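> To get the working numbering, take the position in the first sequence, counting from 1, and add 178.
Careful: at least some of the hints might be erroneous.
[Stated by the list, open to error] Straight-line Cα separation of at most 25 Å, SDA-like style, residue types lysine to any residue; simulated pairs: (1) 551 <-> 616; (2) 353 <-> 591; (3) 1037 <-> 1193; (4) 810 <-> 759; (5) 1212 <-> 578; (6) 1262 <-> 1229; (7) 1037 <-> 989; (8) 812 <-> 1195; (9) 551 <-> 772; (10) 353 <-> 720; (11) 218 <-> 291; (12) 309 <-> 750; (13) 353 <-> 551; (14) 309 <-> 496; (15) 810 <-> 239; (16) 1037 <-> 811; (17) 353 <-> 1014.
No lab work stands behind these hints, which were simulated from the structure alone.
These numbers come from a predicted model, not from an experiment.
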Amino acid sequence: MTERITPGMSRFAEVDDQYAPHELEQRVFEYWDEVDAYEKTVEHRSDGDPLFFVDGPPYTSGSAHMGTTWNKTLKDVYLRFFRMQGYDVTDRPGYDMHGLPIETRVEEELGFENKKDIEEFGEENFIEACKEYAEEQLEGLQADFQDFGVWMDWSDPYKTVRPEYMEAAWWGFSKAAERGLVEKGHRSISQCPRCETAIANNEVEYEDVEDPSIYVKFDLEDREGSIVIWTTTPWTIPANTFVAVDEEGDYVGVRAEKEDEEELLYIAEAKHEEVLREGRYEDYEIVEELTGEELIGWSYEHPLAEEVPDHVDAAGTLEVYAGDYVDTHGDGTGLVHSAPGHGEEDFERGQELGFPIFCPVGGDGVYTEEAGKYEGQFVKDADDEIISDLDENGALLASGTVHHSYGHCWRCDTGIVQIVTDQWFITITDIKDELLENIEDSEWSPDWARDNRFRDFVEEAPDWNVSRQRYWGIPLPVWTPEDRDDDGAATAGSPERAGGRADEDMIVIGDREELAERVDQDVDPEEVDLHKDTVDELTITEDGTTYTRVPDVFDVWLDSSVASWGTLNYPEDDSRFDELWPADFILEAHDQTRGWFWSQLGMGSAALGEIPYEEVLMHGHALMPDGRAMSKSKDILIDPHEAIDRHGRDVMRMFLLSNNPQGEDMRFDWDGMQTMENHLRTLWNVFRFPLPYMRLDDFDPQETTLEDVDSDLELVDEWVLARLQSTKAEMTEHFEDRRQDKAVDALIDFVVEDVSRFYVQAVRERMWEEEDSASKEAAYATIYRVLRETVALLAPYAPFISEEIYGTLTGDAEHDTVHMCDWPAIEEYWQDEQLEEDVAFLRAIEEAGANARQQAGRKLRWPVPRVVVAADDERVAAAVERHTALLEDRLNAREIELVSADDRWEELQYSAEADMSELGPAFGDRAGQVMNALNEARIDEPSLEALEEAVSDVLEEGAEQRSAEDASGDEPRAALEESMVSFVTETPDDVAGTAFGLDGDDRGVAYVDASLTEDIESEGYAREVIRRVQEMRKDLDLDVEERIALDLEIEDDRVADLVSDREDLIREEVRADELRAVDDGHRKEWEVEGVAMEIAIEPLAAAEASD
RNA sequence: GGGCCGGUAGCUCAAUUAGGUUGAGCGCCACUCUGAUAAGGUGGAGGUUCUCGGUUCAAAUCCGAGCCGGCCCA
């Protein structure tokens, strides 16, 4: 067997100098394959508590975009987290593969124009072509998801086109039918005339278009004059049935003159000027003022009575009625042309009024015979002819065009027509109260998504039209008597609700077994495919009646609505349903409020009386860097593949996951990607740093645990371990709040700020020591524990780099994959809040000291004799007292002097900062003035008396005002209180001092005494020499252990003497075994603090070899 | 047109719960440091907190009216 370098095989193996994400990720993919990492991780949790996650199935047209990528990455991070917490997670992915979008894509590919082409091609062939297309798209999507490092059960996704899944939809629908929630309805729907099918309201996309805008006069019968209506759809005029007005609106009768003719017109008062201007009338006079109520009952003549001989003429039609959809201040005239055969509101009002439904338009948008003169024309094409006919009839008041938004088919972009047809509905409005109650059984993040958005939607949701007159979908499992009058005309004109209850004479089949049992033909339930072409011909004969299948297929939203049991292959497989259902967790974007969140609620409630999910995490959309929505069709997008090419999978995931997942949109940001890469590089470097030392010393983390070296731990070790505990606690809390972004921020902060910038800095010298020491072992054990737990915490986010680091750290001593690890538990033993706070103060002091040093012009390399820490309070003083040595070390100070809060430096001056929350209530409208005075004051001691003295002018002025206003004078004069101010030190010129603080509050000042002594100069110059020799070693690319000969020439005698005092130090630090003249070596001239030096080095191995 | 969410530094966001002198990271500029670091450190520039009005001693925060973006609905 050939030896391979893979994570998990060789502890502390050599790793890349640089973090190289692409190579690393390839290695990890291969490794996962090799050890069956995913399968082992699933198996590892098989005894855990079940956690039933249901994947909202992506639609299989097109490839993964940044939004899908974010969605799947979020799912991945939570599923990995749940697994690490011990849950046995159901993680079956799914794909939504039916529906009009795929049909239109396939039609495009095949060059089809309309349904006739499909019929000619053959339903069976077309369905097969759709299936192939969907499967192809699925492959691409799934390859992408796997490439993003998402771990789900890719071997067995649920597909909505599989018979067992389609059966799950049949089952759900049949349960709803059993509850009496299925009915056939005669309703106004949006129809795509190209696709020749109803489409759901949420499939209608609104686009700005130019349409006719006409004002039409309807001549009144039995009285003089006309009422005026406005419409942008002249093609609906043939179906006019009544005119609606606002009962309480104000209307006027106007005598208007044009070209010597006079007309009496009735219009809303608010609109009359505009309408008359449109009609180019020269003069007018208001002759009547009426309310809408007074117009009711007026009858008029149909304006196209001759052209459309079959027009509505039933009793009560062609009259004025009240309609609550009329607005006398909106568009139009305040009188609304109403055609129940078209508009939804018109339809509903027409039903109430018991009018016949006249719709002279077919499913293809072409006028039928009933349209008389216009028969055979596509409705939009007939607009011009209708307008000119109206004109000829003297009915046209004005004709123009208007830009407005008009509904279009979401897939083929054809303008929709509103017509009345027979459709099948799930009447969820009958169980609306139940739906609203069921919502309460689910927890949502963020909570407003449920309590505002979702509830609003559910409250207003209409019945669900589930039928589509198409091919690529789950066939309706409904059989009706073959001689049945399917166009539903019988119900038209009925004053009751259209369609009525579910037909007594309707058979709804619930599964394949039942299908095989009841149909007249031979059907093998194991083999039957269930698509339209296989079930269309099946008939059922019972009690002498033959039933044929309703030819429609389901709205594709119904497919995914049954995912909670479809995922479990229920009802075919009932082995897990009772244990798992309903889903514990679902996670989708906010557009699913009206989509999947809703359809599942409706279907779950209709079929099973319950909401099918218990917890929802609702995220936002991925936006472009400039905040625009991404759009594939407009080529406005960031391709996840490009993101991976530029930065790698882990980086992309880290970026995506560092965004708030609760309802807020995410702006993609290349800078943010780069920052994440920098963070991961930092982690890589932290990880890489101790490896050579551990290797050299044969450190064995199983032999030498943290517990073994407990007594040798130094302060920084204990501190970083305490920080680790806090980080774990913080992350766990954020994860449980479904804010993985805050969790990863905490982790990054820990790695970058605490481990890399502080801990590693602090332990470098300990690891650099050549001989074994207890301290070094303690540092090894500490950083090992820190890294080992860090990669577990990071694993759900960045599974690749975590895997490689884990493998390199643990060898074969632990799990095969980091993803089998438990979520790191908080260990109370290592918690130490006081120490964390102490170090926070020390770091603040260090930062201030660095600032002060820079002010004093003294580099960190040069020691300073003394740093004075003036602590504002006991807490700070205690921290400094406890850790003086560490502070000396970090500040490179010979001595730390603590000035406690009770004492102070006489040289110092003070000023005061006001606390406005105290000052405001006490001084009222003068608080700002007092604040300014306080800020400007300079005093010698930080006492309230001194301060009051300094700002006395302002205080007294206020007191005078107050007593002048308040004659009773018993209110006490506002005075300064301790709580209103905090004192701030002012630095003397000769000492550099900088304030330090925590969380924005000043807590003291660090003063750096930068005076020089010979001893300090000696060390300073020596360290300057060391630094330059190190640089020269680096020039030669010498190994860290390599010995050299050093040649040092310094012109200034005084400096030369100072440096030679530290000869031992220099030799040790630069690994110089010999101090002598070097002839051939690497030679360089330097200037150090104005002193010229010449340094030469020569590797000893090379020197020996050349001898 | 309606509902929900958002608008704070060049960018990403925090501070809005409960009103009290607007902050961080990234980016930029200058200086500095460098034998784990494509790093690190110090300083700096950068703000009409979308606009207008109101409440208040005091508003990014509360209220009202708009504007812009996103989602959903019509």
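> Against each hint, give a clear statement of whether it holds in the structure.
Hints and how they fare:
no. : hint          : in the structure
1   : 551 <-> 616   : violated (53 Å)
2   : 353 <-> 591   : violated (35 Å)
3   : 1037 <-> 1193 : holds (16 Å)
4   : 810 <-> 759   : violated (36 Å)
5   : 1212 <-> 578  : violated (81 Å)
6   : 1262 <-> 1229 : holds (14 Å)
7   : 1037 <-> 989  : violated (43 Å)
8   : 812 <-> 1195  : violated (68 Å)
9   : 551 <-> 772   : violated (42 Å)
10  : 353 <-> 720   : holds (21 Å)
11  : 218 <-> 291   : violated (51 Å)
12  : 309 <-> 750   : holds (22 Å)
13  : 353 <-> 551   : violated (47 Å)
14  : 309 <-> 496   : violated (50 Å)
15  : 810 <-> 239   : holds (12 Å)
16  : 1037 <-> 811  : violated (58 Å)
17  : 353 <-> 1014  : violated (60 Å)
Of the numbered hints stated above, those contradicted by the structure are hints 1, 2, 4, 5, 7, 8, 9, 11, 13, 14, 16 and 17, listed in ascending order.
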